[in-house]
Each structure stands twice: as structure tokens, then as C-alpha cells.
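Chains as they are written, first to last, in the working numbering: chain A, 23 to 353; chain B, 23 to 353.
One or more of the hints may lead you astray.
Just some of the chain B residues that point at chain A, by a computed CB distance under 10 Å [claimed, not checked]:
#: 1; residue: L97
#: 2; residue: G126
#: 3; residue: F134
#: 4; residue: R144
#: 5; residue: G190
#: 6; residue: I191
#: 7; residue: A192
#: 8; residue: T193
#: 9; residue: N201
#: 10; residue: T249
#: 11; residue: R279
#: 12; residue: H317
#: 13; residue: G318
#: 14; residue: S321
Selected chain A positions facing chain B (in silico; Cβ < 8 Å) [what the hints assert, rightly or not]:
#: 15; residue: Y73
#: 16; residue: T75
#: 17; residue: V78
#: 18; residue: S274
Keep in mind that the hints were calculated from the coordinates and are not lab data.
Glycine included, every Cβ here is placed at the ideal spot set by N, Cα and C.
Protein chains: 2
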Amino acid sequence: MRRIIVDAMGGDHGPGVVVAGALQAAKEYGVAVTLVSESDAVDSELSRHSYDTAAVSVVTAASSIDMHDSPSRALKQKDSSMRIAFDRLKAGEGDALVSAGNSGAMMAIGMFVLGRLPGVDRPAILTVTPSVSGGTVLLDGGANTECKARQLVQFAHMGAIYADKILGIATPRVGVLSNGEEDGKGNELTREAIHELRSTDLNFMGHVEGRDITNGRVNVVVCDGFTGNVALKTMEGLGQFVSSVLKGAFRSSLLSRLGYLLCRGAIGRAYDRLDYAHYGGAPLIGLNGVAIVAHGGSSAKAIKNAVRVAAEAVSQDINGYIVNALGKRDA
Amino acid sequence: MRRIIVDAMGGDHGPGVVVAGALQAAKEYGVAVTLVSESDAVDSELSRHSYDTAAVSVVTAASSIDMHDSPSRALKQKDSSMRIAFDRLKAGEGDALVSAGNSGAMMAIGMFVLGRLPGVDRPAILTVTPSVSGGTVLLDGGANTECKARQLVQFAHMGAIYADKILGIATPRVGVLSNGEEDGKGNELTREAIHELRSTDLNFMGHVEGRDITNGRVNVVVCDGFTGNVALKTMEGLGQFVSSVLKGAFRSSLLSRLGYLLCRGAIGRAYDRLDYAHYGGAPLIGLNGVAIVAHGGSSAKAIKNAVRVAAEAVSQDINGYIVNALGKRDA
């Protein structure tokens, strides 16, 4: 049985949703979970649920990382729930780790405790965004503000392996995010990355544009963490805006309220297709271990899916494939 | 009466929608329009409409710029409808110019024919995106792939003047687009720009994130053209994806079809709030003249609004304010 270590203190909604999501995952996917709690914070949450006590254990930490803590400050806090979670993973007391906490802190602690895989210069935040074709892998989502071309090449390999093994997309199409497809578009970084990517065995499409993140043209989009973060947060903002405008529209009259009641089921299914929670969090890909960061605003469902993805990344031996693709280049 | 010169050959849908939009603008806003047509392309379109012949004139060009033509190639094509439109504007035969053509070609020809305003290093593509607060000005939308900090400062001044005079937002809030708000976020460019912007008289908010483009936190977002283009096209792609998923949902059953009929009016008003066409195209701000690029996929309504915005930019003397804010710095 796989054991997933869950930092119960991450997330904007407190340990309640994290515990609920972790217990659901234990039940649905047959995994064991270790909840890392700041003192007795999870105890009252656990008491609200019935669960298989053999599959759920609790480890106590003395503190937790705040969403506003800097990575360097987080690194110094050796008794935080996030740090204890990584220490336990490193000690082999679990197969993978999930946290809905501060992603910068998580990357810093992950690098310190686990280190990186051979052949990977810097781990990246890998995000799966909804798209016409089911989901698009985007990386880096924000770990590395500035990147070199060889890092984008590594991102491309890691993203392609993830798309294949986790999303089930054989020979995924890979593109470099840019301001246009034509010759002469892109910046120095993207043009150099494209030059290098053309000589790999990836199914490489060259420069792609922002709209290609969702339109299904490619399955993997690579970029530096500055650009990736802007793209992801722009999508998040627009999604929330569209959702609030539509909600207002449905509430605007008696007739529209009635109409909404009739198509509520269909709209709910549409929202599911557009919901990032479905894709279950963002791996810190390239770390020497499996660590998944769930969105700070994660619902119990998002936590549950993050635990599922963590277990799958272990079963599918994602990191083995990455070492196989990248580790030998350095050798 | 203001006269707006309209390149009738721009746009993905051919001269039909451009002519229809220009004629609607002439009627609704009391402006005169000069349509620049490749040979007799607009004649059959004009014959479909009744209009005030005193307010509409036609100028003939020998060719037109293709959406795929490079800026350098477009510059050489001296008999294109776009070039003739700029030449006529330069000659004082109109007050402003609208084209739904190739924006790169338009910037190159605009720079060659009109030049830039004093104090402006490089003109930018200014886009108004829908937002919670009505609309957010974003620049540069793609004209300048790589920028210096002083250009971002100029973009901030131009964007703030536009937000004030055209969108009616007094003392607009201005931010620099980045991968986070915290200290240590941003790249070299954004950090230097922030340092310089803090000593201006703008209502400056520092670093902002992608979600702030739509959530109303700021009214003006500045960035280099690479980042701006990625953000805008990411929004465009997500908008199309969401719209297609919702359309599919409404069509998915008899019940949902009926529900849609009942709330169709409310949904239509919601889509209007989310529709870029409402904001009427993107000025090439910083050119020594008023030139508006309408989206290649523009509807007649989008062309009409671009003509309205062109006339307003002239009436409000946007360029006079820009020279006042920036031109004296160089003197």
C-alpha cells in the first residue's frame, strides 16, 4: 500500500478541508495517509469522520509555514509541518508528499531535503490546465523566474513524460510559449530553446501562443517561471471573473433563475471540465522525490485528487523516466 | 466633423464587416469615414447599405497587406491599402486611422510614416480588457518583445492618460505585471521599472499579478510586449474555450435547451460585459498620430467601436497629454 504524507497545515481554508480530502483519497484509492499536524490541530477534524484507522496516521509538528513566509525564512523553521513532511519522506516513511502550502517555501525545503534528480538543473512547478483536449501540461508555473534554454529543454522532457504517464497522452505535442509563431517572434531564450529542442526526439511544435494553452494544439507548454506564472494567474483571474459575471446573469431575473434551474446539471458538468481541482495539484517536478503542491485555495476534492496524482506519479515511476531521459546526458 | 480613415482590407472576414462597421459608426457617431479599398473591393459592399454619401468617401489602393506578411515586407509595399491610409493621415486628409490588419505591419508603417511622439522611445499596443471594474488598460500588448525600464515608465504614463481620458477613470491605479507581489518577486526589468515608477506622480501600486488584469485591483497594467502578448492570447484562448464548453452544455439536453431559452437575455448581457469588441480596438499609442488596430477577427460592432475610440482619442487630445507628460522630460 502506498503511503502519502500530507501536510495538513497548508491551504487557505485550514486543516478541515485537507483532512477531509486526504481521508476521501484513502478510502477511494486505497492509499495510506500520514497527516502532519501542528500540535493537535487535526484531531478535532479527524473526529468528524469515520475512517479506516489502519490507513491513517498522524505526526505532530511544532509550527507551520505561513503563506507569506519567504523561502529563506521557511528553510530556517525546522519544526514546521511542511519540513517534518519532507523529512519523513526523505526517511522513507512515505512514498510521496502533498501540501497546499506556500509553493516557494515548499520548493526551498524540497531542494534542501530531497535535492534534485540527476540531469535536472532546477525543479519546476508543473501545472495541468483544462483544455479542449482534456488537459495541457504547463511548466514552469513559477519556481524559476529566469531560465536558461537548457532548462526549458529539461522542462520539455519532464512535461512530456508527465503527459504520457499521468494524462495518458502518447507522444505528446510540445511547444515553447511565445508572443507569436512566425520567424522573428520570441525572445533570445525561446529562440535558443527552440533551436535545442529541434534536435531532441520530442514531438516538438516550435513556438506556440497563449491561446494554445487551452485550444488543444499542444499537450505540453514550456516557459520560464515568470511567464508561466503570469499565464496561469491570468487564467485564474479570468475564470473567476467569468464565473461571477455568469452567476450574476443567472440571478438577474425570475426568468433567468428558472432557466438556470433547468440547465443547472449541464452547467455543473461544464464547470467540472473547467475546474483545475480535477487535475489534482502541481508536482514539483525534478525533485528527487514526489512532492505535489495543491493550490492554496484547494477544496477537499482538490486535495483528494492531489493525493491520487501523488500515488500515480510513484506507481508510474515518473522520476525513473526523467532520470532515464535526462540523467544520462550529464554522465 | 472628424474624419476617420479606415483600411477596409484588414480583418479575417474581408471588407464586408469593415464596411458595415464603418458605416454604422458614421451614422451613430456623426463622423465621416474614408474607406481605403484594394481596387473596387468595397464597391459591392457599399451597395448593400444605405448611407449618407457626404460622410463616406472611398480611396483606392493597388494591393493589401496579408496577415502573414512580415513588417519589413509590408514596409516595401508602398501601394497597400494600409500604407495609403497612413499616407492620407500624414497628409492631413483625416484625423485618425483604423485597421483590422496585421499589427506588426501597422506598427512598422506607422513608425515610418508618422514617427513617434516626443518623449516616447517606442510606441506600444494598448489593449483594454474586460474586468470587474469595467475595463483594464494593458500595454504593451505585443509591439516590443524586449523592453527597458524607462519604456515601461512611458507605457505607464500613456496608459494612465488613456484610462483617464477615454475610460473616464480619474487617477487610475497602475501596476507592473509580475510573477508575485512580494519583495524578491519580479525580474530585473520589473524591479527596475518599479523603482523608477515610485518617483512619478502616478497612482502606482507596484507589482501586480495576472489575476489583477481582471479583478479590478488596478486600472492600468504595464509589461513588455512578450509578456503582454502571452497574457492577452491566454485570455483569448480561455474565453473561447469557456464559451464553447458552455455552448455544449446548453445544447446537451432538451431541459438545458429550454433553460437556455429562459436565460438567454441575461447570458447575452453577461457575454457583452466579457466581449473585447465593446472596447473598440487597440491604439498604437505613442505614434505621432492616432491609429487604432482592431482585432483581426473583428465583427462589424468591433470596427464601429474602433472608429468611435479613434474619434474620441482625437477629441480628447490624448497625444497632447502624452507629449505634455513625457515630451518635456527630454527637453
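Taking the hints in turn, this is what the structure says about them:
no., hint, verdict
1, L97, "violated (14 Å)"
2, G126, "holds (8 Å)"
3, F134, "violated (18 Å)"
4, R144, "violated (15 Å)"
5, G190, "violated (20 Å)"
6, I191, "violated (18 Å)"
7, A192, "violated (23 Å)"
8, T193, "violated (23 Å)"
9, N201, "holds (4 Å)"
10, T249, "holds (6 Å)"
11, R279, "holds (8 Å)"
12, H317, "violated (12 Å)"
13, G318, "violated (13 Å)"
14, S321, "violated (18 Å)"
15, Y73, "violated (35 Å)"
16, T75, "violated (41 Å)"
17, V78, "violated (35 Å)"
18, S274, "holds (5 Å)"
Against the hints set out earlier in the document, violations occur for numbers 1, 3, 4, 5, 6, 7, 8, 12, 13, 14, 15, 16 and 17.
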